[in-house]
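Once you've looked at the hints, dock chains B and C against the given chain A.
Residue numbers (the numbering used here), protein chains in the order written: chain A, 1 to 128; chain B, 129 to 300; chain C, 301 to 683.
Honestly, the hints are just simulated from the structure, not real lab data. Mixed in with the good hints, there may be bad ones.
One-sided and incomplete, this derived list gives chain C residues near chain A with beta-carbon spacing under 8 angstroms [claimed, not checked]:
#	residue
1	M371
2	Q372
3	V375
4	I376
5	E456
6	L457
7	G460
8	G461
9	A466
10	G467
11	P479
12	I602
13	P604
14	P605
15	R607
16	R609
To list a few chain B residues with every Cβ distance to chain A over 10 angstroms, as calculated [to be verified]:
#	residue
17	R136
18	T139
19	K148
20	L170
21	I180
22	T226
23	F249
24	V254
25	G255
26	G257
C-beta: ideal position from N, C-alpha, C; glycine also.
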Amino acid sequence: MGMIQTVGVLVNTLFSKPITVKFPYEAIEIPEGFRGEQEFDIDNCISCDLCSQICPNKAIEMVNMPEEYKEKYPKKYPKIDLRKCCFCALCQDICPKKCLTMTKNVFLSTPDPTTVVKYPIPIGGGTR
Amino acid sequence: MPNNMETRKETGIIEQIRSKFNIEGKIQRDRRIWVTVDRGDLIALCNFAKEIGFTHLSAISVTDWPQDEIFELTYHIWSYSEKILLTIKTNIDRATPTIDSVTPIWKENAQIHERELHELFGVEFVGNGDLAQLFLESWDGPPPFLKDFNWREYTRREFYKEENEREKAYWQ
Amino acid sequence: MSEKKLIGNEQISPFTEEGTEYNFYFGPAHPGSGNFGVKLKVDGERILSARSDPGYLHRGFEKLMEYRVPMQNSVISDRVCVLEPLNWNLLHAEAVDELTGVEVPERAKYIRVLMAELSRLQSHLIWYGAISIGIGFDTGFKLAFGYRDYILDLFELITGGRVYPAGYICPGGVRGDLPDGCVERIMKVLDQTEEMIQKIEAFDNIAFSMRTKGIGTLKLEDALRLGATGPVLRASGMKTDTRKDDPYEIYSELDFAIPVEQAGDAYARCMIRNREMKESIKIIKQVLERMPEGKVREPSKIMPPKRVRVPEGEVYVRNEVARGEGSMYMRSIGEKEPYRVKIRGPDFLHMIPVLEHLLKGAHVADIPAIYWSLNICPADMDR
Numbered sequence: 001m002g003m004i005q006t007v008g009v010l011v012n013t014l015f016s017k018p019i020t021v022k023f024p025y026e027a028i029e030i031p032e033g034f035r036g037e038q039e040f041d042i043d044n045c046i047s048c049d050l051c052s053q054i055c056p057n058k059a060i061e062m063v064n065m066p067e068e069y070k071e072k073y074p075k076k077y078p079k080i081d082l083r084k085c086c087f088c089a090l091c092q093d094i095c096p097k098k099c100l101t102m103t104k105n106v107f108l109s110t111p112d113p114t115t116v117v118k119y120p121i122p123i124g125g126g127t128r
Numbered sequence: 129m130p131n132n133m134e135t136r137k138e139t140g141i142i143e144q145i146r147s148k149f150n151i152e153g154k155i156q157r158d159r160r161i162w163v164t165v166d167r168g169d170l171i172a173l174c175n176f177a178k179e180i181g182f183t184h185l186s187a188i189s190v191t192d193w194p195q196d197e198i199f200e201l202t203y204h205i206w207s208y209s210e211k212i213l214l215t216i217k218t219n220i221d222r223a224t225p226t227i228d229s230v231t232p233i234w235k236e237n238a239q240i241h242e243r244e245l246h247e248l249f250g251v252e253f254v255g256n257g258d259l260a261q262l263f264l265e266s267w268d269g270p271p272p273f274l275k276d277f278n279w280r281e282y283t284r285r286e287f288y289k290e291e292n293e294r295e296k297a298y299w300q
Numbered sequence: 301m302s303e304k305k306l307i308g309n310e311q312i313s314p315f316t317e318e319g320t321e322y323n324f325y326f327g328p329a330h331p332g333s334g335n336f337g338v339k340l341k342v343d344g345e346r347i348l349s350a351r352s353d354p355g356y357l358h359r360g361f362e363k364l365m366e367y368r369v370p371m372q373n374s375v376i377s378d379r380v381c382v383l384e385p386l387n388w389n390l391l392h393a394e395a396v397d398e399l400t401g402v403e404v405p406e407r408a409k410y411i412r413v414l415m416a417e418l419s420r421l422q423s424h425l426i427w428y429g430a431i432s433i434g435i436g437f438d439t440g441f442k443l444a445f446g447y448r449d450y451i452l453d454l455f456e457l458i459t460g461g462r463v464y465p466a467g468y469i470c471p472g473g474v475r476g477d478l479p480d481g482c483v484e485r486i487m488k489v490l491d492q493t494e495e496m497i498q499k500i501e502a503f504d505n506i507a508f509s510m511r512t513k514g515i516g517t518l519k520l521e522d523a524l525r526l527g528a529t530g531p532v533l534r535a536s537g538m539k540t541d542t543r544k545d546d547p548y549e550i551y552s553e554l555d556f557a558i559p560v561e562q563a564g565d566a567y568a569r570c571m572i573r574n575r576e577m578k579e580s581i582k583i584i585k586q587v588l589e590r591m592p593e594g595k596v597r598e599p600s601k602i603m604p605p606k607r608v609r610v611p612e613g614e615v616y617v618r619n620e621v622a623r624g625e626g627s628m629y630m631r632s633i634g635e636k637e638p639y640r641v642k643i644r645g646p647d648f649l650h651m652i653p654v655l656e657h658l659l660k661g662a663h664v665a666d667i668p669a670i671y672w673s674l675n676i677c678p679a680d681m682d683r
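With the rest of the complex left out, here is chain A (with noise of 0.2 angstroms):
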């Protein structure tokens, strides 16, 4: 009786889809309201400084612009340092003006330094 069920599982698994994912080409759904990466929208910004005072690990600091920025944009703005950040996502709850909010971004392992940390605007042939 017993090698009679064993046999139709066996049947039964031979025929069916596999499960497995093949990441990096396939990736499963990631839901609404997940914690990814932030995403900071400077128009809108206007240097309360809260984000930085809330975050627990420092990971955020404000900074000036560089010289080709400096006269739109003169007050100072979140760098934030994607190593320190554990994204509880406190700095999207407090900005008082809902500049920085978090995407599904999750893919961020990267063998290049120059984008672990994450500028206001992209500078220096940075991509972040």
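The following block gives chains B and C in isolation, referenced to the frame of chain A:
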């Protein structure tokens, strides 16, 4: 009324403590009593508490008050039969912190709590059989949880060969 | 075994003067022990004495919390015990709520209990996987971690992260409301968990009863003297549960039973956790039926950290985490950071006095059964 009955049980215990030791306890809320004693009466009060049913020592803690130069010890004891938590607080001198151990009363349960506090605060518990090192290995600095131990300076002095640019936010 | 300097200042050499006695370090790089080591003195196959060696995960939480405001502390409080983060979030949030005297909304209390019980379920499934692989039953390990994944997907939907909810249960309520369609998904996950519990009961004869019956017996007076709490104490015959004796949140309005066993051996501890999983499912179903509408946090916005003030006072909060009794003592002097936080984890007592007592006189081959039946977590021992 359940509320009145609970307060009556706590009041009963406060009455017993007042009649025996002449100290005033405080009822914070349901199932929480706080009592402060002198260090000389601590062992007698703990023995009395164990007799009236407080058999489970939940935690022992030390709070460091460097301006007043005292350590404040708190013993949190739970009674399974009465379902009440009694906290006993006492003060000891910060420069020479010694006190009698409660290991004869609550045995190994108290021994391990006192071992941890000896390592982290430097309090000497007289009569505890085993005050060996627990978490830290080969530690020769001051007890680390004291308020005047600046652990960031200590780490920077002992272990860093060069400045770490990512840590500069902590030194502003 | 080499004769190198192993740990601390003590040098362990493998051989002593007598012929069959030797020292044996069941150590922290062992796949079956977590970040924790036990130094054993063994004669042949029988253990003569054991000495625990904690401290591999000591991060100094009690001092870290003195430099951060309550909202930031709630984010790091889920790393106190990695295997059940939401229960420790709840403990910290209750301590701060009692100090500030805020009135937590009803809906938030129900969501808190829902998340705490789901976390207890997934913690017991980790335990089942770990003890299965400890006694050599590989199928149990794979099934348990597979079924746990459904609960982690639920956490991802509600809190935004699979393992670390980043302070989802925060002082004042919870950080966000349940999304739409959540209740149907929770019911489906509960059905899948009940399937797993049926499989656990079916596996009982094959694996567990042979390896765990009669092993590691803990008598009631020893359990009380050594400070055991939670399932370890209930397996020795004492009917006590912090959710019923010292109720918090809305547990006094819910209807659930407390499983108790009398034997005190490893098998009894396993049976208790299986029955606790069924009780947790009962609690979750009651919570979902009775949940009211309303706000989920009081106040609704996060206060800027420079303006936070926690009133002066001291509290001691006790909760039933999955492993036993977890408590927190918090003292505040009116500043925005707490002045002293003392965290008492259940495993601080289970891994040092209770384990040393139980390992004396046992066989070396029974170490995994005893060790994992206590359901230890080095993280909340070391903090």
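Okay, the hints, checked on the actual structure:
{"no.": "1", "hint": "M371", "verdict": "holds (7 angstroms)"}
{"no.": "2", "hint": "Q372", "verdict": "holds (4 angstroms)"}
{"no.": "3", "hint": "V375", "verdict": "holds (5 angstroms)"}
{"no.": "4", "hint": "I376", "verdict": "holds (6 angstroms)"}
{"no.": "5", "hint": "E456", "verdict": "holds (6 angstroms)"}
{"no.": "6", "hint": "L457", "verdict": "holds (5 angstroms)"}
{"no.": "7", "hint": "G460", "verdict": "holds (4 angstroms)"}
{"no.": "8", "hint": "G461", "verdict": "holds (6 angstroms)"}
{"no.": "9", "hint": "A466", "verdict": "holds (4 angstroms)"}
{"no.": "10", "hint": "G467", "verdict": "holds (7 angstroms)"}
{"no.": "11", "hint": "P479", "verdict": "holds (7 angstroms)"}
{"no.": "12", "hint": "I602", "verdict": "holds (5 angstroms)"}
{"no.": "13", "hint": "P604", "verdict": "holds (6 angstroms)"}
{"no.": "14", "hint": "P605", "verdict": "holds (5 angstroms)"}
{"no.": "15", "hint": "R607", "verdict": "violated (10 angstroms)"}
{"no.": "16", "hint": "R609", "verdict": "violated (15 angstroms)"}
{"no.": "17", "hint": "R136", "verdict": "holds (45 angstroms)"}
{"no.": "18", "hint": "T139", "verdict": "holds (43 angstroms)"}
{"no.": "19", "hint": "K148", "verdict": "holds (48 angstroms)"}
{"no.": "20", "hint": "L170", "verdict": "holds (38 angstroms)"}
{"no.": "21", "hint": "I180", "verdict": "holds (44 angstroms)"}
{"no.": "22", "hint": "T226", "verdict": "holds (38 angstroms)"}
{"no.": "23", "hint": "F249", "verdict": "holds (26 angstroms)"}
{"no.": "24", "hint": "V254", "verdict": "holds (40 angstroms)"}
{"no.": "25", "hint": "G255", "verdict": "holds (41 angstroms)"}
{"no.": "26", "hint": "G257", "verdict": "holds (41 angstroms)"}
In summary, the numbered hints that this structure violates are 15, 16.
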